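Chains as they are written, first to last, in the working numbering: chain A, 1 to 251; chain B, 1001 to 1287; chain C, 2001 to 2330.
Just so you know, not all the hints are guaranteed correct.
No farther apart than 25 Å at their CA atoms in a straight line, the calculated lysine to any residue pairs in the SDA-like style are these [to be verified]: (1) K2114(C) to D57(A); (2) K66(A) to R2319(C); (3) K1232(B) to T16(A); (4) K2114(C) to L1262(B); (5) K144(A) to R2319(C); (6) K1165(B) to A119(A); (7) K2114(C) to T1128(B); (8) K2114(C) to M71(A); (9) K2114(C) to L1269(B); (10) K2114(C) to L1270(B); (11) K144(A) to V2015(C); (12) K1183(B) to R2302(C); (13) K1033(B) to W1113(B); (14) K1033(B) to R2319(C); (15) K2114(C) to L53(A).
Everything labelled a hint here was simulated from the structure, so no lab data went into it. Keep in mind that this is a model prediction, so the values were computed, not measured.
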Amino acid sequence: MSDLLLAEGITKSFGTTRVLRGVNLAVGRGEVVGLFGPNGSGKTTLANIISGLVFPDRGRVLFEGKDITRMTMDARFRAGISRTFQIPNPYPSLTVVESVRVALLCGQAARQPGREEKAGLEEELDSLLGRTGLFAQRFWPAAKLSQGCLRRLEFARAISCRPRLVLLDEVFSALSAKDEAELVALMRSLHREEGISFLLISHNPLILEELCDRVVAIEDGRVFWEGMPGDLARYVPATNHAHENEMHENG
Amino acid sequence: MSPLAQVLVDGIFTGASYALMAAGLALILGVVKVVNLSHGAFFTLGAYVAYVLEANGVDHPVAAVVMAAAIAFAFGVFLGKSFINPVRSHPFSVAVGSLGFAILFEQAAQMLWGPHPLSIDLGAPLATLHGVTLRRWGVISFLLSLGLAGGLSLLLSGPWGLPLKLIAEDEEIAGSVGMDVEKIRYLTFGAASAVAAVAGALLAPAMAITPTMGRVPLILSLIVVIASGMEKVWNLFFLAVGLGLLSNVSAYLLAPSWSYVLLLAVICLLLVLRPSGLATAGPGRDY
Amino acid sequence: MKKSEPFRHGKFPGVLAAGAGVLLLLPLAGLDAFLLNVLTLGFLVAVYTGSWDIVGGVAGQVSLGHALFFGTATYACALLTSLAGCPFPLAAVAALLLATAAGAAVGTLSAPLKGPFVALLTLALGEAAHEFILGQTFFSPQGGYSWGGEGGIPVLLRVQPLSPWTAYYAALAFLVLSTWLMLRIARSEEGLIWTALSGSELSARASGVDVLRYKRRAFMFAAALAGAAGVGFAAFVGRATADDFSLELSFQAATFAAVGGRGTIVGPVLSALVLHSLLQGTGIPPAGRVLLYALALLLTLRFFPGGVAGTLRDRVRSRRMVAPGKEGNR
């Protein structure tokens, strides 16, 4: 299996609304795939299905050859798929370092920690925080971080247990140019050094162009285009207007 | 006709009163975003108002309803302003505080009227159909409940419901659009408490009036709100009527204490089995 | 745990040590047996309330049926010693196991639910148990006695009745040990995960936390401690009654904990001790007690929304932390 992740025939309805109609999506090892689409296209639901927040009505999700369609989100995290959320939900009463520690502890659940492991965990924690630029703020209450730092915290959590695939849900949207640039650099270095595959969900064609090897465009619950990011602007002229509107809305 | 028919009709009327309570609770849960454990106390308040009025010669349900609503509204606004609003940063404490108010009221009622069950004379029935007696309290509660359900349903779907929905969605946005969120909160709390008292005043002739009589209606309205969600007003109405029927019929066929156990069993089953269509989203706010 | 983490836990060691010292010496001040008994019961109530805080405060699963675990333990002790003729220590162990099992059951059933639903389910389960027990009648082995309902079932200790002093110190030791245990676990990795899923279940799941499993464990630990308090109560009072399952007792755990400061462990333990002692130990008539208690509840929460300890902890926190926005927060 050369594909890391394979989603086949994903169909999902909420009540009477058909949100996804038979979507197929694949992510290869070491690939950065973009998922593009306007609000309401179903891309968030697809992301939720792939990450385990929601189960599809029909279709299946295969990860490294295994069927994970009904696997819970936490089990997927331990199996190597993690995700960030568009709106981060920091723990209201934990510090930054504690928040990441939770993820490290649970990823470790499979292994039996001995004394050396415990010390190793603290080092891993520190290096993780350093990597994501949160070391200076590690004792701050997580809830008090700025947007940019919250997105980094999401990153830290998502990569803490050596995932093979990370879903980034609009992680670059509504950030200052500086924050965005730093986050992009972080993602690039993770991709380069750890070989992590990414599924990048965004309504911003520029970001997708910059970062992705391949882009899948979704509209109305169906994949209607798939190709090179450079061709995105040409093949989806209609959605450029939708994108412009969203830019206005999101500020 | 068999006494069962009477039980059924009374059950529907009882359920209609519960629907009133549930609607109030749903409003509080949705707009004020509080799990209100004092709702049962307001129900009891309404019942005692009706009792006091009747003891002083005022017999008409409408008088009882109006008095109960006025007093409960005043108390509700007071509670909303002095406690619910200031403490809202800690939803758990608000819930516990509302419980505290309920305890306070139960104790006060016991001190004023004693722990023994009191009763209100049912008075002349409104009509008798095929051997089934229709009482004033029952008819009024049914009509009121229907009216409230319809009114709320229209309100929420129409333009006037937008302020409430906005507050339910996002208070910050509501505030920034110039809405006096604080005021709407305590007014809603007062209004919903008034509705609970109305339910109590209407149901008083059919029940034994004790200080703790509001507990079961509270639990009942909680389960109704949880099971039907806050938006679906008609679901609320029908589920409440259904539960009223169930509780009356089971009390008649088995025994009153069994009726309570049955209610508890229904709650457990609903929460454990969570049939689809049950509000999985719920009040949306974890403690 | 790294010691440079003052944020999550208040530092109360001084207060606790002082408090324990006072309690240790109190009987020497010449308290009469009645007051000693009030305090002894207070120690048990404090453990019961602290156990609520484990599941309701630290793990955030508000339970309104905590008396279920307490009553299970007292009834197990009573039934096993009086009906089955078990020696008390054996009955105590069985009671603890049963209470823990009840915790596992309740935890499993309520784990998929959120906030208010958990409260409602636990309330229903607690009340169902209460109603069930109220209706049960047991017959003494010698025949001639029928037990059950409100009269309750006696607990046979088969030893010399303990003197008030012995009971006092035994209960105090139990309180100190249990509080230490609860604080240890709240500050451990388990407690960290409980706090996480209390704060944001979504983030916890996305961090690999098996939410169902951890919620169940919180319930089990809390139930075990509540059961232990129940065992102590059964031994001390000598009787198990249906009130041990009552709604009032369940509510009491939540309200005492709220006053103390949900999630702080220390707050609930101390507030339970203080409130219980004040309400039972001073000469207020029962009606007045409830009234006073409800007023105290409302006033305390109005001015200390997070409970006494909770609000204090929040104030200390906000003064201690470097204010984000001042340095390096972009």
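Against the structure, the hints:
For a cut-off of 25 Å, the pair hint linking K2114(C) to D57(A) stands: about 24 Å separates their Cα positions. Distance hint between K66(A) and R2319(C) is unfulfilled; the C-alpha atoms sit about 51 Å from each other, more than 25 Å. At roughly 16 Å between alpha-carbon atoms, K1232(B) and T16(A) fall within 25 Å of each other, so this suggested pair holds. Taken as a hint, the K2114(C) and L1262(B) pair is honoured in the structure, with Cα atoms around 23 Å apart against an allowance of 25 Å.
Of the supplied pair hints, the one linking K144(A) and R2319(C) holds, its CA atoms being roughly 14 Å apart against a limit of 25 Å. Proximity of K1165(B) to A119(A) is assessed by CA-CA distance (about 51 Å); at most 25 Å being required, the pair is judged violated. With a C-alpha separation of about 47 Å, the suggested pair K2114(C) and T1128(B) falls outside the 25 Å cut-off, and the hint is violated. Using a Cα cut-off of 25 Å, the hinted pair K2114(C) and M71(A) holds, with the two alpha carbons roughly 20 Å apart.
The suggested pairing of K2114(C) with L1269(B) holds, with an alpha-carbon distance near 16 Å, which does not exceed 25 Å. Distance hint between K2114(C) and L1270(B) is fulfilled; the C-alpha atoms sit about 14 Å from each other, no more than 25 Å. With a C-alpha separation of about 29 Å, the suggested pairing of K144(A) with V2015(C) is violated against the 25 Å cut-off. The suggested pairing of K1183(B) with R2302(C) holds, with an alpha-carbon distance near 18 Å, which does not exceed 25 Å.
Restraint check for K1033(B) and W1113(B): not satisfied, since their Cα atoms lie roughly 33 Å apart, outside the 25 Å limit. Distance check on the hinted pair: K1033(B) and R2319(C) sit about 30 Å apart at the alpha-carbon level, beyond 25 Å; violated. For the hint pairing K2114(C) with L53(A), the CA-to-CA distance comes to about 15 Å; that is within 25 Å, so the pair holds.
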